[in-house]
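Undergrad: As a plain string of letters, each chain reads:
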Amino acid sequence: MKRILLTVLWMLPVLIAEVAAHLWMNPASPAEAESVLELSFPSGDKSWIQQSEVYGDVQPSLHCSSGWISDVGTEDGPEARVSFFRWDSTDTVNTLEAFKHLPEQCMGAIGMRLENIHPTRELETSGGLLYFDSTQFRPQDGGRAVHIFKCVWVGGFPDSNLRDDALMGKDGQELRQLRLAAAAARFRPRHTRIIMGGVFGMPTEELAWKRFEKMIRGQIRWIDVPSEPIRSSRQLPF
Amino acid sequence: MNPLHRIHDAWVNTHPLWRLLAVLLVLVGGLFVVFGPVKSIYRGWKSSDNLISAKEALAAGRFFEARNLSFQILRQNENAFEPLPILLRSTIALKDPLAVRIAVALLKDDRTLPNDHLLAWTYLCQSGPSYLPLNIWPLLPEEKKYSPDFQLPLIDRMMVDRMLPAAAAIIAASPEPYSVELHCRLLVMLAKTATDEAYAEFHRSLVTQLRATPDAWPRLLEVIDEIPQSELTSDIHNALPESAIPATSLTPENALRIIRCEMAAHPEKSDELIQSAFKRYQTSEPIALARWCLQIGRPDEAAKCIDLEEPAEDPGLYRLQIEILEAAGESEKLATFLASAPVEVPSWETLVQLAAIALSADDKDLAAKSIKDALKSAIESADPAALVHLAREAQDRQLDDLALDAWTNAIARATGPLPPSQSIAFVINELSIKRREDELYAILSSLRFIEVGNQVILAQHLYLACLSGRAEPRAVIEELTPLQKQFPAKIALRCILAIAHVLSGEIQEADDLTSDPGIDWSATSPAHRAIRGLVLAKTNRTEEAQAYFEDFPWDELLPSEKRVYQSLVDGVL
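Line by line, the protein sequences give chains Z and X. Taking the working numbering as reference, the numbering of the first sequence is continuous, increasing by one, and the terminal residue is 238. Taking the working numbering as reference, the numbering of the second sequence is continuous, increasing by one, and the terminal residue is 573.
Bound conformation, chain Z alone:
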């Protein structure tokens, strides 16, 4: 009996911690509708060619709920690749996954050299401003420039910015600090979205952005979905 009591006493702090964590991360609030970012695929447009195989290859590592990847081009060949990923009813880690991959990390892995980090681009939409991180790459042995524009939208954090946001830490590698920060801020959004585009062979970032913006502007939608409340609508404190 004494032994059982001792075991329970040992387990009690763990149980208390778990319950406290659950209560902290799931505060009771009334349900609210939520406007969620959507980039619809223009299926009628022949210049957009969906790359289902490529999406199938990347989905397992991104753990995203759904999405698509498409080449956009003309009869002269593809001039851009646009990707859209959705994370729904996800946990914090998966949302952080979207944040912590800076373009230079994944592009570097496929032999591209970071040439420039341009100022963040802003896109005015009916649902608010979207922030696009803008980077310029080139193959290691020279060749056509590739401009990458990446927007991470997180439900409840409308102003989140991939590069400047506090979530990133200093270099995006401080995962432990990142997780603690996320817990402290009750960061557990229900919806996360990424719009990412690579524009090939444009001579300047301005023209590449113009091209990319033209491609996606007409496809951006805001969809109202019933949702649990965003646990915290304030910005992270650091």
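Since the hints were derived computationally from the structure, they do not count as laboratory data. There could be a bad hint or two in this list.
As a list, the in silico DSSO-like pairs of lysine-lysine whose alpha-carbon atoms are at most 27 Å apart [said to hold, decoys possible]:
hint : chain 1 : residue 1 : chain 2 : residue 2
1    : X       : K538      : Z       : K214
2    : Z       : K46       : X       : K434
3    : Z       : K210      : Z       : K46
4    : X       : K108      : X       : K55
5    : Z       : K210      : X       : K538
6    : X       : K192      : X       : K145
Sample of chain Z residues facing chain X (criterion: CB under 8 Å; computed from the structure) [claimed, not checked]:
hint : residue
7    : D76
8    : E79
9    : G143
10   : G201
11   : M202
12   : P203
13   : T204
14   : L207
15   : K210
16   : R211
Listing some non-contacts, in silico: residues in chain X with all C-beta distances to chain Z over 10 Å [as the list claims (entries may be wrong)]:
hint : residue
17   : L21
18   : A60
19   : H117
20   : A173
21   : A339
22   : S381
23   : R529
Given the structure is predicted, the values throughout are model-derived calculations rather than measurements. Beta carbons are placed, not taken as given, at the ideal position from N, Cα and C, and that holds for glycine.
Chain X: place on chain Z using the hints.
TA: Relative to chain Z, chain X alone:
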């Protein structure tokens, strides 16, 4: 106690570890001082040893070994000169494209011996991109420019590249009287021009030369091989020296050439003369007789000279068989022969002929397959000249698509006897018209490497590099501004520089470059018009700009041009 004793005491009293370290330090220092000179002595000895071995390997025909040993010497001392002549000979023997660069290095080095200089020059003229000898030529000393050893290889190369006026200009710069060889080159140029005026001038010049240098008639007469029998006149026969007509010690080729002249002088006796030629040479010289029959346009007679039952194993004889069958129009047999070529005949050579036969028989599938295989075979060939030869052959046979592909591949690979870019400007134009931008960029990149100093290529390459995101507009401005100042009248340079300024946000500079009222924009290319229109639009002269884009032929632009100009226009007009 004297200082020596003090030092000794100090040494004895020092801890053994410190003493050991001190001894090691002195030893290492000593070795370091001695090692430098020893290393260089060893290297020198090794280099001389390798040089001797390389020379022996070259003399014994072990070209791989000679080449590798020469490289070893150069790796030890990159300024070494002695291995270069060995390297040149071994790379030429191995058909290594590197031979071109070594030949150029030898031609530019004052230490090169005369025979090496001549070998390098001859090789460069025969097998290198002709831009190189053409640019080295003005730098050669005068005595070499007038030496037939140096002059003739260049003229011959220019004739192959169909640069006839430029070749004639080199001859014209020679002091008179011209040598027989120079006269022969001029005559061949006239024959290749193949116009009535050129043929008339050919006859006048040949007759004059036959009279001026009668002893040289055998060499002079060789040039009639270049013109068809129908164009030969009686003048040549009449001008032949007396020694030529009854000569008994004539070579069969010369005797047959004289018969050609006689036939031209007495066409009514043609059959009789042919019969006499057959009587005399059918048994003893069937190959020469068959070639002669082809020259006089009698392929059926040529077919009687050599066996046409089976494809010959000798490549020369096989090619003659093919020529006869082609001239005789025996397509079926020709196709069978082409399928059984000797191994020495490269397959692209037979495939291109097969493609021509298939096209004439309207067999498009076979033609397409043969064209594809011919190109593949030339690309995979170990002979660096294969693609250039294929391109010329395809051009002669009016297989335009194959010619374009072969030239494109040859230029992009930068190997073989490439003509200068202005001689094959049609390749650049065709690729532009067909909007094959990646290939266009590849050949411009290659030409920029081959034709260092060619400002047209430099400007075109930078323009396309900039528009396709391969070069920063700033880099284009930095490279082209001095060139534009040197050639201010060149509209193309102004426009390229202007678009680079537009892309850098320097609109005023772009306007300054394109605002010359003397430029007739309606006469310029669509791309140039677009650039001017863009500058006007960016300087708020919208109405004027709109006129430039009215019914604008966007589809005539290269994909990059179209993409960039449309993006720039978007939202402005």
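Undergrad: When the structure is checked against the list of hints, which entries are broken? Sort them ascending.
TA: Violated: none.
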